[in-house]
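Asker: Please put together the full structure from these sequences, using the hints given.
Next come the chains, spelled out residue by residue.
There are 2 protein chains.
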Amino acid sequence: MCEANAYLLAADHEAGQLIMENVFRMQPEGDKLLLENIFGEQKLITADIARISLVEHRIYLHPR
Amino acid sequence: MCEANAYLLAADHEAGQLIMENVFRMQPEGDKLLLENIFGEQKLITADIARISLVEHRIYLHPR
Numbered sequence: 000m001c002e003a004n005a006y007l008l009a010a011d012h013e014a015g016q017l018i019m020e021n022v023f024r025m026q027p028e029g030d031k032l033l034l035e036n037i038f039g040e041q042k043l044i045t046a047d048i049a050r051i052s053l054v055e056h057r058i059y060l061h062p063r
Numbered sequence: 000m001c002e003a004n005a006y007l008l009a010a011d012h013e014a015g016q017l018i019m020e021n022v023f024r025m026q027p028e029g030d031k032l033l034l035e036n037i038f039g040e041q042k043l044i045t046a047d048i049a050r051i052s053l054v055e056h057r058i059y060l061h062p063r
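Sequence order for the protein chains is A and B.
Residue numbers for the first sequence, in numbering that gives the first Met the number 0: 0 to 63.
Residue numbers for the second sequence, in numbering that gives the first Met the number 0: 0 to 63.
Simulated from the structure, these hints should not be mistaken for laboratory data.
Here the structure is a predicted model, which means the values were calculated and not measured.
Possibly wrong hints are sitting among the right ones.
Here are the computed lysine-lysine pairs in the DSSO-like style, where the Cα-Cα straight-line distance is at most 27 Å [said to hold, decoys possible]:
1) A:K31 x B:K42
2) B:K31 x A:K42
3) A:K31 x A:K42
4) B:K31 x B:K42
5) A:K31 x B:K31
Label pairs and their computed distance ranges (CB to CB) [stated by the list, open to error]:
6) B:A49 x A:S52: 17 to 23 Å
7) B:E55 x A:D11: 34 to 40 Å
8) A:A9 x B:A10: 37 to 43 Å
9) A:D47 x B:E55: 20 to 26 Å
10) B:K31 x A:I37: 29 to 35 Å
11) B:G29 x A:A9: 18 to 24 Å
12) B:K31 x A:L17: 26 to 32 Å
13) B:D11 x A:T45: 29 to 35 Å
14) A:L43 x B:L8: 20 to 26 Å
15) B:D47 x A:C1: 19 to 25 Å
16) B:Q26 x A:D30: 17 to 23 Å
By construction, the Cβ of each residue, glycine as well, lies at the ideal position given by its N, Cα and C atoms.
Answerer: As structure tokens, then:
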């Protein structure tokens, strides 16, 4: 499967804090980002996309 | 492999126009988006992320 884990970057968390595993869909919702994982969970996060690496299965976000 | 194909949405192209295949990394670069594929190609595009669907292996962008 090709889901990715989403990490929130922060000044005191350079590697990023895992906020959601197995994300399969992501899209902007107004000024937020909606993440959905394969377990049917959704998270609406006030963040911007910093980097997406599909080979690493990682989505990095930074808080706005 | 878990790369995705990138499509540019437009009013006259509802399904999106394929702009890059096998994208494995994407990140904002200033006010643009940098896409990189597994063949070493890079594209810098003035667009925003509309939706990312990792199960469909598709990245949808809309022109800004």
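Asker: Evaluate each hint against the coordinates.
Answerer: Here's how the hints hold up against the structure:
no.	hint	result
1	A:K31 x B:K42	holds (25 Å)
2	B:K31 x A:K42	holds (25 Å)
3	A:K31 x A:K42	holds (10 Å)
4	B:K31 x B:K42	holds (10 Å)
5	A:K31 x B:K31	holds (19 Å)
6	B:A49 x A:S52: 17 to 23 Å	holds (20 Å)
7	B:E55 x A:D11: 34 to 40 Å	holds (36 Å)
8	A:A9 x B:A10: 37 to 43 Å	holds (38 Å)
9	A:D47 x B:E55: 20 to 26 Å	holds (23 Å)
10	B:K31 x A:I37: 29 to 35 Å	holds (31 Å)
11	B:G29 x A:A9: 18 to 24 Å	holds (22 Å)
12	B:K31 x A:L17: 26 to 32 Å	holds (28 Å)
13	B:D11 x A:T45: 29 to 35 Å	holds (33 Å)
14	A:L43 x B:L8: 20 to 26 Å	holds (22 Å)
15	B:D47 x A:C1: 19 to 25 Å	holds (22 Å)
16	B:Q26 x A:D30: 17 to 23 Å	holds (19 Å)
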